[in-house]
Amino acid sequence: MATQSAVRKATIPLQANSSANQPAADVIIRAQNGDLDAFKLIYNEHSGKVYALCLRLMGGDQPAATELMQDTFIRAWKNLGRFRRESAFSSWLHRLTVNAMLENARGDRRREARVLPMDDTGQIGALAPADSLDARMDLETAIAKLPAGARTAFVLHDIEGYQHQEIAEQLGVAVGTVKAQVHRAHKLLIKALDR
Amino acid sequence: MTEDDSIDEARLRELSEQAAALPRSIDPPSGAWAGIRSAIEADRNAPFDREQVATPHPAFWQRPIFLAAAAVALVAGSSVVTAVAMREIANRGNTVVAASPERPSETLTQSSSGPASLAQFTVVESDYLRAVNDLSATLESERGSLSPETIAKLRESLRIIDTAILEARNALAADPANRTLIEMLANSYEQKVDLLKRTTEMGRG
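As given, the protein sequences belong to chains A and B, one line each in that order.
Heads up: the first sequence begins at 1 in this note's numbering, then just goes up one per residue.
Heads up: the second sequence begins at 1001 in this note's numbering, then just goes up one per residue.
Among the clues, some could well be false.
[Said to hold, decoys possible] For the chain B half of the interface with chain A, some residues (derived, Cβ under 8 Å), not all of them:
no.	residue
1	1029
2	1033
3	1036
4	1039
5	1145
6	1146
7	1169
Derived from the structure by calculation, the hints contain no laboratory data.
Cβ coordinates follow ideal geometry from the N, Cα and C atoms, glycine included.
Can you make the complete structure from the sequences, with help from the hints?
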């Protein structure tokens, strides 16, 4: 048993690198069978992208983003048996991330009112002085200061590349709401960046 | 949209380009994995939930088109690597060493009384996984002796076989007693072991 365990801990570079968004089947199967070391290989491969998504969804709040990422991977571990190759593994993880964010927000009454409603009239706050940040940081800062609904829609649409319809299905809102939120985000971001 | 809602198209394009250029990956805090691991281990008293594996979706693998495509992909993938390997060996003027290591599925494929369920197959599967790991480790240590073309073909073939393995494994999770699926899965593993074995032998040749 000990030998088998040791063998299973060995990494398999040739296979693990076989696809950019897809862990090797062996690694997934091992994780599905309860092998935590295999799951760590999956974590190592995907945590950067998941954390970037969490950080943006949580408006740049690092502790909250870390907590959301951890929640996502714990959910992934528990639901790994449901993963199917019909979608890329990274897309499956992204969906888990957004679901975790939404569920956490629903459990937090303060956030609940800010996730998607259109009556959120929040404005992007003053940015840090432009000469102290490069353009990328300006944009990250402006995104972080968007109202939650607009931020979620913008991050999923403009950064992660999802279609309006996909976002609407994932968030459980009308397509028109998503389009309006994306438009609102564009408007607020341009206004903030042009200051 | 009111006039007030309009956005300058050029500025919008610029914004979209900037957004698309943002980094898609950011390193998480170094201690994040430890927290995940602790939470999982704390929850380990509960057995791995195999019930979750079941799916309400139709069994896609039952479609003839999938079975045919999977079979073609496996044969094609394996054949391409074999062809490249054989050519490389021929170029070196060596003889192919006959494959001799043990085959985990021998009792399964040569007998009609193989594993009758996913639970039983898991025992055989662990042997396959061990063989794959051992061969992969050996291959990794010998990859310097393989041509980039062979390595590329090997990777592509492994990707095809891995896809077939995972499809069959997921389908089996929904239908654990399906012997056809068990056989498909065993054949896919067998293909993988053979492919790795042949390539390893070629590297030594």
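Hints, one by one, checked against the model:
1. 1029: holds (5 Å)
2. 1033: holds (6 Å)
3. 1036: holds (5 Å)
4. 1039: holds (5 Å)
5. 1145: violated (14 Å)
6. 1146: violated (10 Å)
7. 1169: holds (6 Å)
When the structure is compared with the earlier hints, violations turn up for hints 5 and 6 and for no others.
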